[in-house]
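Colleague: Below, each chain spelled out in residue letters.
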Amino acid sequence: MRSGPSDNLQGAARRAAGALPPLLARAERLAATVVLGEHGRRRAGIGEEFWQYRQAIPGDAAGAIDWRRSGRSDTAFVRQTEWSAAQTVTLNVDPALSMDYPEHGESKRTRAAVLACALSLLLVRGGERVGLAAPDLPPGAGRGQVDRIAGLLSGMTPHEDYCVPAMPDGRRGLLVALSDFLAPDPLLMPALDALAAQGQRVVLLQITDESEETFPFDGRTEFRSMSGALSFEAERARALRDGYRAKLAARRDMLRARSRSAGWSFATHRVQEPASRALLWLHRVIEGERR
Amino acid sequence: MMSFGAIGFVTPALLAALLALPVLWWLLRATPPAPMRRAFPGISLLFGLKDTERTPARTPWWLLALRMAVLALAILGLAGPLLNPAPAPERADGPLLIVMDGGCASAPDWSARQGEVRQILDRADRAGRAVHLVSLSDAAPDLAPRAAADWAGVLDTMRPAGWAPDRAAFAARLDEMGDIGASIWISDGLGEADNLVEALSARGPVEVVLPEDVALALAPAMFEDGQLVTHILRAPGAPAQEVSVQVIGTDAAGIERVLDQVGQILAPGDEVTRVAIDLPLELRNRVSRLTLSAPYKSAGATVLTDDALQRRRIALVAGGRSGEAQSLTAPLHYLRTALQPVAELVEPPLAEVLDASPDIVMLADVANFSEEERSGLEDWVREGGLLVRFAGPRMAASATGQMVRDSLLPVRLREGGRSLGGAMSWGDPKRLRPFPQGTLFDGLDLPEDVDVVSQVMAQPDPDLADRTLVALEDGTPLVTARDEGRGRVILFHVTATPRWSSLPLSGLFLQMLDRIARVAQSGERGEAALEGAIWTPERVLDGMGEVTDADRIAGVAGARLAQAPGPDAPPGLYRAGVRGHAYNVMRDATALQRLDLPAGTATRGYTVRAERDLTGLFLSGAMLALMLDILATLALGGRLRPAARAGLGGLALLFVMGAQDVQAQNVDTQAVETQAVRDDPRAIYATSETVLAYVRTGDAEVDRISRAGLSGLSLVLARRTAIEPAEPVAVDIERDELAFYPMLYWPVTDAQAPPGPEAVARINTYLRTGGMILFDTRDTHLAVGAEGPGNAQLRRLAGQLDLPPLERIPPDHVMTRAFYLLDDFPGRYVGAPVWAEASFAPEDVDGVPFRNLNDGVSPVIIGGNDWASAWAVDDLGNFIRPVGRGVPGERQREMALRFGVNLVMYVMTGNYKSDQVHVPALLERLGQ
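These protein sequence lines map, in sequence, to chains U and B. 200 is the number that this note's numbering gives to position 200 of the first sequence; each next residue is one higher, with no gaps. 809 is the number that this note's numbering gives to position 809 of the second sequence; each next residue is one higher, with no gaps.
Read the hints as simulated data drawn from the structure, not as lab findings. Only a predicted model underlies this, so the values are computations on that prediction, with no experimental measurement involved. We put the CB at the ideal spot given by N, CA and C, even for glycine. Don't take each hint at face value.
To be verified - Some chain B residues near chain U, calculated using beta-carbon distances under 8 Å: (1) Pro35; (2) Met36; (3) Arg37; (4) Gly42; (5) Ser44; (6) Trp380; (7) Ile553; (8) Gly555; (9) Ala559; (10) Leu561; (11) Arg594; (12) Leu597; (13) Phe618; (14) Leu619.
Stated by the list, open to error - DEER-style ranges, computed between Cβ atoms: (15) B:Ile630 x U:Ala249: 35 to 43 Å; (16) B:Leu628 x U:Glu28: 28 to 36 Å; (17) U:Leu187 x B:Leu21: 30 to 38 Å; (18) B:Trp62 x U:Leu187: 56 to 64 Å; (19) U:Ala249 x B:Asp680: 31 to 39 Å.
Said to hold, decoys possible - Covered stretches of chain U (chain B as the covering partner; in silico rule of three or more C-beta atoms under 8 Å from a C-beta of chain B): (20) 238-247; (21) 256-267; (22) 270-280.
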């Protein structure tokens, strides 16, 4: 029995695969809730799939005429294929520690990973190319890409309290950012500015926990960030509730305003809500982006 | 030991820790309660929020006070607080000797004595002293010193002895003991000190503890003039006291109970107080002991009675044997019948009459004695015997006592006698003259219907008038008497049968014999009678005055019983052969002697306020406060959820309001809801077991008897039948659901209001769907003619109910044979008709009269025999109310119970038994 790197590799693979099947299974179950109907572009273009026969009009190249079809009638028909120019979607799942909340029950990170995988599945089935931003994964198509995405998402080891969405250098296409968007303003604002400046098309989904919206705390409480680096002591947590809620609403208003001005999409999602709702919204928005 | 007012501390040094409390105050104030740590991503949004109060937190003052209280309580508790601490013993070296009298005079306040000794032991325990604990009444006391704590168990099991303490013996044994530091004598304050104080003083300081009230005693009982007489004995200088003397004996059922109780107020200084108790003869014969009731109960205040107070033994001797076959004319029949209830009768031949040691000898028409018989009887009468003679043909024919006075006759007799009112005589039968004042029969009612047809006549001697107890209208003596020595001879000048007069048929005869039986003195039982036999204790008295069976106590020589009781001869009932002897603590009616202590002896009473160790109280208080502190801290830190907070608040509110207010509040809330809640357990109980139910009338006594009655019936049912009912329940006819109960017992009282419309509807439903109500008007004994007073009440109560036509329960009703075969349905009373639903016309099936009742049970049974009283038993299973008298009464109760069994069987099985009449016919057909 040889020991060494190969053992470690196998062990790491097993560990990675341990989380993978549940994530994928869940993502597949979730993706199944979205019925695609017909897939494809539903318009003629360059592709391999047959789209429709169309009466030849003047100006069509003779080579474009489908003789077999035209032979059955008096007019000439042109065989059109469906337009299947694939789009590139880059998923940005927030790798920050803040996503590991709440500690009990389903965390925001899990929800985001599930959504990302399910979305990848849907997109791959639709023939799109999917990639990851934060652990950088070049876009790719096919079921294998989904497995890779799932593997990367379940193997994330976060270090920082807050991260911001960003597009890997030189990549274009649609950026889907799944995050809680709770990073401090000095961190978040420049990132959003940069995305807007690059002219990226962005879909923002803010995933929060219920307690982050309602702030159900009371008493003398020392709030700390997930890493413990930041702390804030409240004499009576109840007294902070209104201020906190106002700030959260302001943050959401800001995100919504920026999305509107930049032509992006923005929605919020609670961990306590069913994931299918968010997935449906994401799917619809991406479909719309493609049109 | 250090004490502040009523509280002292065992280890006061620990109290110094209280000085640390201010430091704690300062520390606690400086450190606020630790905040709760909470990881929260939204913290980024919190930055910049304005803090409403950002001052450094301080513990609230009330929490501080609570914590200080916890610490203070803990410190105080550990310092060993004592309530009412006793002063420290003067000398703390050498073992402590505790001497208890432990005799019967210690019994009334025995627990106080134990408490006193317990305190002394506690003190000695704290001081670490060894202790001797000695009871002077103990024959072989344990003289070795032991640790004080070891004696506590011994002390709990110590009981007062039934005799006086032997102080002299212990004073003599004192030398056997080792070093004694000090001694305490818990005395009963009576009797001779016997130099005990001197002997103890020689070994160390002595303290004598005297009781506030010394014990009382009761002198042996005797009979004087038909009254039971005893004396209450006290020591000199006794205060005014109120006591009551209880006469205890067996009742008709053989159960020991208090037959009579006589209160007596004792004036200050009275030392010997005579108490005379009048008792009917039947009760007197059953007296087993007299005792002073609590708090004076003790062996000394208990007097056992023996044969001397028991039934008189009467020897009956008839002169001839001729008429024995015809009982109503037998010479002794009327005497026998009259005396049976009040005396023990023996009927020996004349020659052996004195061998039966009778108290009274009655001779019916005995004329001739042998010389030996005559002299024996003469001696016996002179010794105090009572000889009663009845005249008769033989006596009239004999010549006894005509010429010379017969020693066994009160007067001289004339030959022949006389007849009055016969066919051949002129005179009418004579009636009686009123009884002369001050004679034996004075005060008896004179009946009109007593007349005398024949009698023997007395010679008109000068002293005849003095000797006449009863005379006829014309002055001829009918009953004469003469005292002879200490005894007496009484002569009835007529027969003891109705042959010569109707006297034996009258009630007067009974009363006269009763009087005679009362005055008879008991035979002599002096000390001389005790000697020469070994007496075996049958029942012994313990120090508390309780009678216990004497097991494994050896017999005692008669001479020992002449002296005071002791460990070798406990007081009690002794028996040698047929003779019984009551061996009492008190020998005679002399005053008690107060304990005479040498001058200068240190005495004191009981410690008034008992020491109490408060350690547990303080420490549990500290614990409780600590719990409160936990809750308060949680509440302050926001760690209590709102629900929990509300719950705690409610809990605190409960504490404040107390359970009663809550109950009141509950009553105020919607009646329907509480009813539902109340009904639930009832319904479960009533449906999980067979339960008999009675209607609550509101009359506490009636309800109690109903409950006890159904309990008794349930007991009998469980014993005899397959029905095993659970405890009966009371039913409120206005509110409770009835459907669960197979039958309801409804005693009719005049205080009960008629049921309301809802209740009527419910009862009707109950009756229609198979329920049964037993109405009991309980008034048979008051009934005039057919109806008792309760019937009007019954009509008032049941007028609105849907009752079928009724009939008297016919003899072939299934009720008469549901389990037992019954002829009537007695309860406490008997004879009133019992009503049930009228049956249809009887059909004649297979030659057996058979009633085809509509398959079921009569919805009501109505009667007035007060069944519940006959059934009623108390917690121990004894019957509460008397039924009838003697054996017939017991029979009637049994029948009442059988009625109850039949009733429940009838309710449970319907006309099943009625169907049984078909069985012979069915079997016959099967055979074919």
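Colleague: Looking back at the numbered hints, which does the structure fail to meet, lowest number first?
Modeller: Failing hints, ascending: 6, 7, 8, 9, 10, 11, 12, 13, 14, 16, 17, 18, 19, 21 and 22.
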